[in-house]
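Read off the chains here:
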Amino acid sequence: MLTFILKRVLMSIPTFAIVAVIIFTLVRALPGDPALMMLGGNIDDEASLAQMRAQLGLDQPVPVQFLAWLREVFSGNLGTSIMTGQEVSSLLIQRFSVTATVVLLAIVSALLVSIPAGLLAAHRHNTRTDYAIVLLTILKLSMPGFWVGLMLLVLFGAILGWLPTVGFVSVSDDLGRGMMYLILPVTSLALSEIAVLTRMMRAGSLEVMGKDYITHARAKGLTERKVLWRHVFPNAFAPTLTMVGIMLAGLLAGAAVTETVFTLPGLGKLLVDSIYARDYPVLQGALLFIAAVYVLTNLAIDLTYSFFDPKVRLT
Amino acid sequence: MMHRSKVLKTAVLATGLTFGNVLPAMAESVVRMALNADIRGTNPGVTRDGNTDQVHGHIVEGLVTYADDFSIIPMLAESYEISEDGRTYTFALRQGVKFHNGEEMTAQDVEWSWNRLAGDASESHCKNFFNGQNNIKVTSAKAVDDYSFVITLEEPYAVFLATMARFDCGSMAVLHPDSVNSDGSWNTPLGTGPYRMGDHAPGRYVELNRFAGYSSRDGQPNGYGGGKHASVDTLRWEIVGEGAVSKTALQAGDLDLVTIDAMTASELRGQPRFTVDATASAVWDTYLLNSDDPLLSDVRIRRAIAHAIDPQRIMAAITEGFGTASPSPVPPMSANYTDVQAQYPEYNVDKAKALLEEAEYDGEEIVILATRRNGAYYERALMAQAMMMDAGLNAKLEVVEWGTQLEAYRNGTGYQMQSFTFSPRLHAGLSFEMFTGDAERKAWKTGEAVGLVNESLRVGDPEALQGVIDKLHNGFVEEVPAIGLGHRTLFTGMSDKIGGFENWGAGLLRGWMLTVDG
Numbered sequence: 101m102l103t104f105i106l107k108r109v110l111m112s113i114p115t116f117a118i119v120a121v122i123i124f125t126l127v128r129a130l131p132g133d134p135a136l137m138m139l140g141g142n143i144d145d146e147a148s149l150a151q152m153r154a155q156l157g158l159d160q161p162v163p164v165q166f167l168a169w170l171r172e173v174f175s176g177n178l179g180t181s182i183m184t185g186q187e188v189s190s191l192l193i194q195r196f197s198v199t200a201t202v203v204l205l206a207i208v209s210a211l212l213v214s215i216p217a218g219l220l221a222a223h224r225h226n227t228r229t230d231y232a233i234v235l236l237t238i239l240k241l242s243m244p245g246f247w248v249g250l251m252l253l254v255l256f257g258a259i260l261g262w263l264p265t266v267g268f269v270s271v272s273d274d275l276g277r278g279m280m281y282l283i284l285p286v287t288s289l290a291l292s293e294i295a296v297l298t299r300m301m302r303a304g305s306l307e308v309m310g311k312d313y314i315t316h317a318r319a320k321g322l323t324e325r326k327v328l329w330r331h332v333f334p335n336a337f338a339p340t341l342t343m344v345g346i347m348l349a350g351l352l353a354g355a356a357v358t359e360t361v362f363t364l365p366g367l368g369k370l371l372v373d374s375i376y377a378r379d380y381p382v383l384q385g386a387l388l389f390i391a392a393v394y395v396l397t398n399l400a401i402d403l404t405y406s407f408f409d410p411k412v413r414l415t
Numbered sequence: 414m415m416h417r418s419k420v421l422k423t424a425v426l427a428t429g430l431t432f433g434n435v436l437p438a439m440a441e442s443v444v445r446m447a448l449n450a451d452i453r454g455t456n457p458g459v460t461r462d463g464n465t466d467q468v469h470g471h472i473v474e475g476l477v478t479y480a481d482d483f484s485i486i487p488m489l490a491e492s493y494e495i496s497e498d499g500r501t502y503t504f505a506l507r508q509g510v511k512f513h514n515g516e517e518m519t520a521q522d523v524e525w526s527w528n529r530l531a532g533d534a535s536e537s538h539c540k541n542f543f544n545g546q547n548n549i550k551v552t553s554a555k556a557v558d559d560y561s562f563v564i565t566l567e568e569p570y571a572v573f574l575a576t577m578a579r580f581d582c583g584s585m586a587v588l589h590p591d592s593v594n595s596d597g598s599w600n601t602p603l604g605t606g607p608y609r610m611g612d613h614a615p616g617r618y619v620e621l622n623r624f625a626g627y628s629s630r631d632g633q634p635n636g637y638g639g640g641k642h643a644s645v646d647t648l649r650w651e652i653v654g655e656g657a658v659s660k661t662a663l664q665a666g667d668l669d670l671v672t673i674d675a676m677t678a679s680e681l682r683g684q685p686r687f688t689v690d691a692t693a694s695a696v697w698d699t700y701l702l703n704s705d706d707p708l709l710s711d712v713r714i715r716r717a718i719a720h721a722i723d724p725q726r727i728m729a730a731i732t733e734g735f736g737t738a739s740p741s742p743v744p745p746m747s748a749n750y751t752d753v754q755a756q757y758p759e760y761n762v763d764k765a766k767a768l769l770e771e772a773e774y775d776g777e778e779i780v781i782l783a784t785r786r787n788g789a790y791y792e793r794a795l796m797a798q799a800m801m802m803d804a805g806l807n808a809k810l811e812v813v814e815w816g817t818q819l820e821a822y823r824n825g826t827g828y829q830m831q832s833f834t835f836s837p838r839l840h841a842g843l844s845f846e847m848f849t850g851d852a853e854r855k856a857w858k859t860g861e862a863v864g865l866v867n868e869s870l871r872v873g874d875p876e877a878l879q880g881v882i883d884k885l886h887n888g889f890v891e892e893v894p895a896i897g898l899g900h901r902t903l904f905t906g907m908s909d910k911i912g913g914f915e916n917w918g919a920g921l922l923r924g925w926m927l928t929v930d931g
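Order-wise, the sequence lines are chains S and A.
If you use my numbering, the first sequence closes out at 415, no skipped numbers anywhere.
If you use my numbering, the second sequence closes out at 931, no skipped numbers anywhere.
Don't read these hints as lab results, they were simulated from the structure.
Computed from a predicted structure; not experimentally measured.
Take these hints with a grain of salt, some might be off.
Take a look, some chain S residues computed to stay more than 10 Å from chain A by CB distance [said to hold, decoys possible]: (1) Leu106; (2) Met111; (3) Val119; (4) Leu212; (5) Gly245; (6) Gly261; (7) Arg378.
These stretches of chain S come out as covered by chain A in the derived footprint (C-beta under 8 Å, 3 or more residues) [claimed, not checked]: (8) 151 to 161; (9) 183 to 197; (10) 277 to 286.
Below, a sample of chain S positions facing chain A; criterion: calculated Cβ distance under 8 Å [said to hold, decoys possible]: (11) Ser148; (12) Leu241; (13) Pro244; (14) Val248; (15) Gly321; (16) Thr323; (17) Arg325; (18) Val361; (19) Pro365; (20) Asp373; (21) Ala392.
Glycine residues also receive a C-beta, built at the ideal position from the N, C-alpha and C atoms.
Could you put the whole structure together from the sequences, leaning on the hints where they help?
So, in structure tokens, the structure goes:
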């Protein structure tokens, strides 16, 4: 396993190099001038624009800017934000911790609901229970995440007044209050994931349930519960796990919509804000960070496969 | 349960014993508001944007500032005198004004602050307003004694004080030198304003706390000056990116005062727990016409477009009936807005068609550039397109991201017509200067117009200034370098517990006027 991990980590180095070039090129290809955006209303003032460009290093030729950035990246310095002057690396860590908390809680909650729901739907295939579960997932999939988030805010914040509608308190600062601020975003994210994962789990389970070894297990006299959890679940979970990996990486890379609706200072919100402000250092740093999140999440998922499927060997 | 009372955050301020008596618990008043993006920093005039300026405006003050009618009034200066040749400005400072660290303000602090922003080593864009790059050249700025500060200009310039009062420079904020660390790096703003910097959690919220030692001017608030008798202990801005979320939070009672759009204003108006304010600002919504474009270089085509567009209907539509058209670049609240400025090409489709025929218009495409950014850029463009098509113009809409549109504006190329907005210019000359000049981006480049704008920025006599502004307006109507729509109506939704709120033409919040009931 160690060789596998080492190989994967080494393989990611050229990936990062290519990603770095693409990120830098694409970011510079964006129309719009960061100095202009920084100065906001003072766009009539040429001298200030020139001064701002010089301060931001944007008066240098692009290849020089690229080499300077690469040199800093290799020395572990992602630069400072044009907008706020904060160090990009600390900003990313700060924002990622918020996103990771919400996303991990949402994924765990989603799995706790979707695995039994998918198994149940498959077990009660073509019954009212199955239809009800399928209908609910389709209903949820048809609702835009932004709208669901707002409706949750309106219902639990404005109408019932049970939960806060704006603001954020870190769970590390105050666990109780922090959780109050997390309930709605986690629920909103989890609802979207539940719909997808339940359908995946149901489809996988249906496929497995038609296999000979399941018939054999039943013939042995095992209870349905044991058949489902001991034989159907481990074999049907692999495709769902792949989906969890893709979702996890995507969400950790920034659940921008959820973060915007629930005013969470997360990575996705940071990325969107930095695009609008043409905050090159943050944008470049965040994209590089996201690439790393993808590589590491997929590595982690690959490692988990062997726990569920003994046929998978990590070499 | 619909509306939770969170307006008052109760805190025990004193629990000690005084002469054997227990002091009663006192309530700390908080007004919670929303910013659509975090502040860019705490360094006034250096780290800034519109949101940031608004927060800084509570912490720092300058020698002069803008009044409600955009005239210039003293703020930290008790008074000022201008020499006969118009080159020397002598400011007599108010005495007893305290910085947030308790130190008294002197002319030496003013000199230090001036050099911080306008000196050669300054990182602020503000220095370019005073070093000759943009007409004004300050040759010296010195403290004469503890309470006198003198600025000398190379040449007289009528808008010098107005430039000093610019919000993006914190009105050339006067700060205590301890605002910077010993190595010269920025620390925290120790200003003289009615609020001092409180907690700032980046990406989450920013708080200001009332400065108990604030030395207010006498009298009523006037624009960004006058008396500032702050009563709310804490002003707190949550960073809320979405207008729909701010609105929900207002309805939930989690926010007390938020900027809203016209539709929300219309919805909240008349609801018992909320009040809505709609105030015309000096923000100018317009359509810029590119006179360098082969088609639009023909003034008859530009006039035809002006006659095809009905500003009144568009303004009524985008403001849900709250706003009215005011096509002149000079805002209606300006002292220079007269009957002349109220004139503009009438909406007349027949006239538009006649002009098109005269110009032998043959259905060539006219592309209107717009963005979906807040401020109804897109809606304005869409309505203009429909009206232009009604008059026989082949108008198309191109929607781009704001950064892209801004670049097209700045380069002066890549567009024929665009739905655009100019931030407030509080001097009538500057209202024309924002789109008039030799630079590529300027929509109005004729020699006469440029000359008149330059004259308006130099003339000191109010009557003479009005004459120049009237000439400019007449030329604007005649040559149609842009089509004015109106001055944007700003909407604010508030909990009914909030009192004292008054918006004004500059649109900057004045938290020192707010009160909280209960």
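- prompt: Non-interface claim for Leu106 (chain S): all C-beta distances to chain A beyond 10 Å?
  reply: At about 37 Å from chain A, Leu106 (chain S) clears the 10 Å cut-off, so the statement holds.
task: Using Cβ atoms only, decide whether Thr323 (chain S) comes closer than 8 Å to chain A, and label the hint accordingly.
output: 47 Å, violated
query: With 8 Å as the cut and Cβ atoms as the points, is Val248 (chain S) at the interface with chain A?
result: It is violated, given that the least Cβ distance between Val248 (chain S) and chain A is near 13 Å, above 8 Å.
task: Decide, holds or violated, for the assertion that all CB atoms of chain A are farther than 10 Å from the CB of Gly261 (chain S).
output: 4 Å, violated
Assertion that Leu212 (chain S) lies outside the chain A interface [Cβ separation over 10 Å]: Nearest chain A Cβ is 28 Å from Leu212 (chain S), so the label holds.
message: A cut-off of 10 Å on Cβ-Cβ distance, and Gly245 (chain S) was said to be off the interface with chain A. Does that hold?
response: 13 Å, holds
task: May I ask you to check that Val119 (chain S) keeps its beta-carbon over 10 Å from the closest beta-carbon of chain A?
output: Holds, since 23 Å exceeds 10 Å.
- request: May I ask you to test the interface hint for Leu241 (chain S) with respect to chain A, counting a Cβ-Cβ separation under 8 Å as satisfied?
  value: This interface hint is violated because 22 Å lies over the 8 Å limit.
field: Agreement of hint Arg325 (chain S) with chain A interface, Cβ distance less than 8 Å
entry: Since the shortest Cβ distance to chain A is 42 Å, the answer is violated.
query: Should the label of Met111 (chain S) as a non-interface residue stand, given a Cβ cut-off of 10 Å to chain A?
result: Per Cβ check, Met111 (chain S) is outside 10 Å of chain A; nearest 34 Å; holds.
Chain A versus Arg378 (chain S) - minimum CB to CB distance exceeding 10 Å, so not interface: 6 Å, violated
- prompt: Hey, does the Pro365 (chain S) contact hint survive, CB to chain A under 8 Å?
  reply: Hint on Pro365 (chain S): holds, closest Cβ of chain A at ~3 Å, below 8 Å.
Figure legend: structure checked against the earlier numbered hints; hints not met, in rising order: 6, 7, 10, 12, 13, 14, 15, 16, 17, 21.
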